[in-house]
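Enquirer: Below, each chain spelled out in residue letters.
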Amino acid sequence: MAEPDTLLETPLGGLHRALGGRMVGFAGYAMPVQYPAGIMAEHLHCRSAAALFDVSHMGQAELRGEGAAAALERVTPADIQGLKPGRQRYGLLTTEAGGIFDDFMVANLGDRLFLVVNASRKAQDFPLIEAALPAGVTLRPLPERALLALQGPAVAGLLDRLAPALAALSFMGVAEAEIGGIPVLASRSGYTGEDGVEISVAADRAEALARLLLEQPGVQPAGLGARDSLRLEAGLCLYGNDIDETTSPVEAALTWAIGKRRRMAWDFPGAARVRQELADGPARLRVGLRPEGRQPARAHTPIHAADGGPVGEVTSGGFGPSLNAPMAMGYVARAQAEDGTPLDLMVRGKALPARIAPTPFVPHRYKR
Amino acid sequence: MSELKFTKDHEWVRQDGDAAVIGITDHAQNALGDVVFVELPEVGREVAAGEACAVVESVKAASDVYAPIAGRVVEVNAALAEDPALINQDPAGQGWFFKIEPKDPAEIAALLDEAAYARFVESEA
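Line by line, the protein sequences give chains A and B. The numbering used here applies: residue 1 is where the first sequence begins, and numbers increase by one. The numbering used here applies: residue 1 is where the second sequence begins, and numbers increase by one.
Calculated from the structure, these hints are not laboratory results. Some hints here could point you the wrong way.
[To be verified] Here are the in silico distance ranges between beta carbons for each label pair:
id, chain 1, residue 1, chain 2, residue 2, range
1, B, D64, A, P143, 36 to 42 Å
2, A, A70, B, A81, 54 to 60 Å
3, B, F120, A, G20, 34 to 40 Å
4, A, A333, B, G17, 40 to 46 Å
5, B, A81, A, Y90, 24 to 30 Å
6, A, P360, B, D64, 54 to 60 Å
7, A, T246, B, A52, 50 to 56 Å
8, B, A81, A, T6, 41 to 47 Å
9, B, E122, A, R161, 44 to 50 Å
10, A, A325, B, G93, 25 to 31 Å
It should be emphasised that the depicted structure is a prediction, and the values quoted were computed from it without experimental measurement. For glycine and all other residues, C-beta sits at the position ideal for the given N, C-alpha and C.
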């Protein structure tokens with residue numbers, strides 16, 4: 001981990017410390033892993049009311065110019081040209097070898113595309129995208145903007161009061177609006193499995209917005225620890241853990257992020273591998289895992305066939321506060337990937353019995 | 001009840017008759033966060049001083065717990081299997097981990113006292 005004095009600050013660094021946040025290094029930024037309430041309470045509060053996360057470390061950018069959508073399709077198998085104004089979509093950046101370079105969100109704002117990429121990958125992603133752009137299409141990173149995620153079942157009521165324009169959005173809808181007089185760009189999405197919004201705001205207004213949201217009934221701050229346990233319960237991938245340049249979209253069970261049109265044209269980086277794996281089946285698959293009992297199995301735990309040899313590895317694992325049980329995801333050989341298959345997770349050299357389980361572990365509650 | 005002694009790995013030790021009771025400090029439980037599972041040593045196991053012999057799992061991560069002194073494990077806290085949150089609620093009491101019959105009781109006396117442990121925690125911050 002980087003030394004504290006080399007870490008970057010988000011526009012909310014001062015607020016995190018004022019709230020008692022325990023700061024840790026993450027993707028080069030000083031970020032709160034938790035506040036005094038603790039990961040368990042923050043997680044459960046998000047599922048029962050609303051949690052506010054600072055995700056300003058993530059990379060925001062806009063893509064402008066004639067043919068921007070077609071240009072972006074040069075580096076992703078997502079259907080960008082078919083994305084309607086006011087809608088957002090999940091996509092993958094893929095490598096020529098068929099690995100996953102990053103995952104990202106893209107929104108069609110009518111006159112431009114708006115992108116959000118992972119903090120740990122933004123320094124690689126933006127040059128990759130830029131290199132694919134024709135004359136007249138420009139990528140502009142937006143380091144002067146902060147990003148807040150407000151997640152949980154209490155968010156809908158809060159939006160009714162504070163931002164009617166956002167209250168009307170359905171899952172993956174995007175709109176520009178004002179919250180308490182502060183201009184924002186918000187999408188009805190998130191990384192918890194709950195209804196909620198991700199709110200892009202000018203850095204110099206971010207703390208005022210965060211304080212306004214924290215004043216609303218039911219809203220509590222939550223850190224990266226709860227963000228991780230919430231996304232794992234929701235069955236969502238973390239780049240660098242569950243997907244990376246060695247995993248293909250098919251292995252990662254993210255085939256749905258490949259546009260139908262793209263799957264007919266095969267005109268994206270890594271199409272040959274994806275096409276072959278869709279035809280023949282991938283060697284391994286990303287699956288959900290439910291260990292017996294209460295003991296968690298962490299990332300890099302070897303997975304063995306019941307009474308057999310190695311068949312894969314855990315890529316994310318922990319304890320699900322809402323599930324009230326341990327949970328994991330990882331890759332296993334295709335023959336072992338059926339729901340219900342018994343396996344052994346080799347935790348500290350001892351076999352922990354587990355079963356392949358469907359994800360999400362906790363049902364999504366998006367606003368449809 | 002005798003005074004608590006401490007290690008730089010954030011365990012505490014309290015002499016209880018012929019046995020030494022061992023747990024993790026309030027500082028350690030606070031750093032770990034909500035404990036969801038503990039793996040305790042087998043009763044009868046011989047352990048060396050500094051040997052990893054228990055594991056404490058929080059929502060976020062797994063951490064080893066070390067034997068502060070050499071000896072034989074004579075009892076483990078079975079209540080932790082049902083209620084690992086006892087470690088957060090009462091780390092120096094109901095949240096104890098295991099008891100060791102010391103090979104050499106003088107090893108306990110050589111551990112950090114409360115003031116020395118407090119200085120150590122301060123120096124790590």
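Enquirer: Next, verify each hint and record whether it holds.
Expert: Now the hints, each set against the structure:
Take D64 (chain B) and P143 (chain A): their Cβ atoms lie about 40 Å apart, and the range 36 to 42 Å holds. Taking 54 to 60 Å as the suggested C-beta distance range, the pair A70 (chain A) and A81 (chain B) conforms, at roughly 59 Å. At roughly 23 Å, the beta carbons of F120 (chain B) and G20 (chain A) sit outside the given window of 34 to 40 Å. Separated by about 54 Å at the C-beta atoms, A333 (chain A) and G17 (chain B) break the suggested range of 40 to 46 Å.
Against the hinted window of 24 to 30 Å, the Cβ-Cβ separation of A81 (chain B) and Y90 (chain A) comes to about 40 Å, which falls outside the hint. In this structure the hint that P360 (chain A) and D64 (chain B) lie 54 to 60 Å apart at CB is violated, the actual value being about 32 Å. Between T246 (chain A) and A52 (chain B) the C-beta distance comes to about 31 Å, which lies outside the given range of 50 to 56 Å. Between A81 (chain B) and T6 (chain A) the Cβ separation comes to about 42 Å, which falls inside the hinted range of 41 to 47 Å.
Under the hint 44 to 50 Å, the C-beta atoms of E122 (chain B) and R161 (chain A), about 46 Å apart, fit the expected range. At roughly 27 Å, the beta carbons of A325 (chain A) and G93 (chain B) sit within the given window of 25 to 31 Å.
In this structure, the hints that do not hold are numbers 3, 4, 5, 6, 7, in rising order.
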